[in-house]
Every structure is written in structure tokens, then in C-alpha cells.
Amino acid sequence: AQKVTQAQTEISVVEKEDVTLDCVYETRDTTYYLFWYKQPPSGELVFLIRRNSFDEQNEISGRYSWNFQKSTSSFNFTITASQVVDSAVYFCALRPTTSGTYKYIFGTGTRLKVLA
Amino acid sequence: GAGVSQSPSNKVTEKGKDVELRCDPISGHTALYWYRQSLGQGLEFLIYFQGNSAPDKSGLPSDRFSAERTGGSVSTLTIQRTQQEDSAVYLCASSFQGVSYEQYFGPGTRLTVT
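Respectively, the protein sequence lines represent chains A and B.
The numbering of the first sequence is this note's numbering, which starts it at 157 and goes up by one.
The numbering of the second sequence is this note's numbering, which starts it at 14 and goes up by one.
Hints may be right or wrong, so weigh each one.
Claimed, not checked - Derived SDA-like pairs: lysine to any residue, alpha-carbon spacing no greater than 25 Å straight-line: (1) A:K194 - B:N23; (2) A:K194 - B:K30; (3) A:K259 - B:K30; (4) A:K259 - B:S18; (5) A:K259 - B:K28; (6) A:K172 - A:V240; (7) A:K259 - B:R77; (8) A:K159 - B:Y117; (9) A:K159 - A:D185; (10) B:K24 - B:T83; (11) A:K194 - B:T83; (12) A:K159 - A:T187; (13) B:K70 - A:K172; (14) A:K259 - B:S20; (15) A:K259 - B:N65; (16) B:K28 - B:V102; (17) B:K70 - A:T187; (18) A:K259 - B:V112; (19) A:K259 - B:K70; (20) B:K30 - B:P120; (21) A:K226 - A:F210; (22) A:K159 - B:E57; (23) B:K70 - B:S40; (24) A:K269 - A:N232; (25) A:K269 - A:R206; (26) B:K24 - A:Q195.
These aren't lab readings, by the way, just hints derived from the structure by calculation.
Model the full structure from these sequences, guided by the hints.
Here it is in C-alpha cells:
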């Protein structure tokens, strides 16, 4: 089965707290891509990061960091020193590479509320 | 450059009427996707276009839903005989062809069926 699970439906934190959004995926493919998207209250999804299955190096971009662990099939997203502007719904997505497969498989999203 | 655009941004229609939703992808993006997002839910895949052909229509919920793409660019999603359960935000996304490319999303069309 090809599946993405974001078990955290909603998280609330106080500004400046660190927060980690979990993403667990299932796929039969040995080659695949993982993505994170942000959907702010305005509604338009914004691409944050792409990771391929052969690159387990963690990535940091400013206050954002991503931890990819194939052993646990997880691709978690951490926001350090959260800000009110980080309030949004965050989606994790999987793109398998099986021939004939075209879908991006999205999780159900985690709504993050950062309180001032 | 211009992003993905969708029109109309909002559409209110009566049950039983037909509606057409339009998507203008980013120039040069040959892959185009339609998704449906119900209130508070994730993204439900509807259909994928590669150029003008649709190799994956598996997400279309019923035969009332159809889509086409012309000139490898603009796409139209048509819903016939709309039902209240069709109320949702319909999102369009485009990307370069290939598995590694991220999708760029439009702002969506909010459809309300009364």
C-alpha cells in the first residue's frame, strides 16, 4: 500500500516554542520522493521541501529542519522558535516512482496554531 | 513569473446545475493535477494530465465528473448535475514532467452547491 499518515490532527504551541510535525509513510518502491507543503489561512499550498529516498541527510533552512529516517519510514518536520506566521496546515506527501504511477499521495495534514 | 491561476475563485450553484472550473498552469509545465479538498480534510486526487492526455483518471468520483486539457495548457473540470456533496475546494496543480518535481498549486475554486 502507498500511504502517508500524519497522526497529529492539530497542534497548538506558544510563540517561540519548538514544534515537530510527524509524517510516516508506506511504499513498496525503493525509489520515491517526499514533500512538505504549507497551506496558510489564505488557502494556497506552498512547497517547502523535497527529499529523495536515497538522501537521508537532514536538512535545515532557517528555523525549519527536516529529519528523514528510512528505518522508521518517517519524514518529520521541526519548526524552531515558532512564530504566529507559522500558523497553517502542513501536508506531507509521497511520490512513488512505480511505472505507471502518477499520483502524489498526501497525508490528511496537521493544523498548527501558534499563539502569541 | 505567473503562478497557477484558477477561475472562478468562488462558485455558488443550485443542485442539479452543471459547473465548469478552469485552471491555467504555469507555462512550460506539462503535468497537471486536479484535487478536491473538503472542509478540514486532506487532498483527494481526481485526475492527472500529461500534456493533453489523462493517463490517470482514477480519482474522479463518478461519471458526473470529467476534465479536459487543450493545447497542453488550460484545463477544465466539469461537474454535471451537481450534488450537495460536491461542495468543496477544487485545487489545480502543475509541475514539470517527472517524478522528482514539486507541484505548484493554484488558489483553488470554492464550490458551494445549494
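Now for the hints, and whether the structure bears them out:
1. For the proposed pair A:K194 and B:N23, the alpha carbon gap of about 22 Å is at most 25 Å, so the pair holds.
2. Between A:K194 and B:K30, the direct Cα distance comes to roughly 33 Å. Violation of the 25 Å bound is thereby established for this hinted pair.
3. With a C-alpha separation of about 30 Å, the suggested pair A:K259 and B:K30 falls outside the 25 Å cut-off, and the hint is violated.
4. A hinted pair counts as satisfied when its Cα atoms are at most 25 Å apart, and A:K259 with B:S18 qualifies at roughly 21 Å.
5. Restraint check for A:K259 and B:K28: not satisfied, since their Cα atoms lie roughly 30 Å apart, outside the 25 Å limit.
6. At most 25 Å may separate the alpha-carbon atoms for a hinted pair to count; A:K172 and A:V240 meet this at roughly 9 Å.
7. Between A:K259 and B:R77 the CA atoms are separated by roughly 21 Å; this keeps the pair inside 25 Å, and the hint holds.
8. Restraint check for A:K159 and B:Y117: the C-alpha separation of about 21 Å stays at or below 25 Å, so the hint holds.
9. With a CA separation close to 12 Å, the supplied pair A:K159 and A:D185 stays within the 25 Å bound.
10. The hinted pair formed by B:K24 and B:T83 meets the criterion: a straight-line CA distance of about 23 Å does not exceed 25 Å.
11. For the hint pairing A:K194 with B:T83, the CA-to-CA distance comes to about 30 Å; that exceeds 25 Å, so the pair is violated.
12. A distance of roughly 15 Å separates the Cα atoms of A:K159 and A:T187; the hinted pair therefore holds under the 25 Å criterion.
13. Proximity of B:K70 to A:K172 is assessed by CA-CA distance (about 44 Å); at most 25 Å being required, the pair is judged violated.
14. Distance check on the hinted pair: A:K259 and B:S20 sit about 24 Å apart at the alpha-carbon level, within 25 Å; holds.
15. At roughly 17 Å between alpha-carbon atoms, A:K259 and B:N65 fall within 25 Å of each other, so this suggested pair holds.
16. With a CA separation close to 16 Å, the supplied pair B:K28 and B:V102 stays within the 25 Å bound.
17. Taking the CA atoms of B:K70 and A:T187, the gap is near 24 Å; set against the 25 Å cutoff, the hint holds.
18. Under the criterion of a C-alpha separation no larger than 25 Å, the hint pairing A:K259 with B:V112 is consistent with the structure, at around 9 Å.
19. With a CA separation close to 10 Å, the supplied pair A:K259 and B:K70 stays within the 25 Å bound.
20. Simply put, B:K30 and B:P120 have alpha-carbon atoms about 23 Å apart, close enough for the 25 Å limit, and the pair holds.
21. Restraint check for A:K226 and A:F210: satisfied, since their Cα atoms lie roughly 9 Å apart, inside the 25 Å limit.
22. Our distance criterion of 25 Å between C-alpha atoms is met by A:K159 and B:E57, whose separation comes to about 13 Å.
23. Between B:K70 and B:S40 the CA atoms are separated by roughly 23 Å; this keeps the pair inside 25 Å, and the hint holds.
24. Proximity of A:K269 to A:N232 is assessed by CA-CA distance (about 17 Å); at most 25 Å being required, the pair is judged to hold.
25. Between A:K269 and A:R206 the alpha-carbon distance is near 24 Å, which keeps this suggested pair within the 25 Å criterion.
26. Only pairs whose Cα atoms come within 25 Å are accepted, and B:K24 paired with A:Q195 is accepted, the gap being roughly 21 Å.
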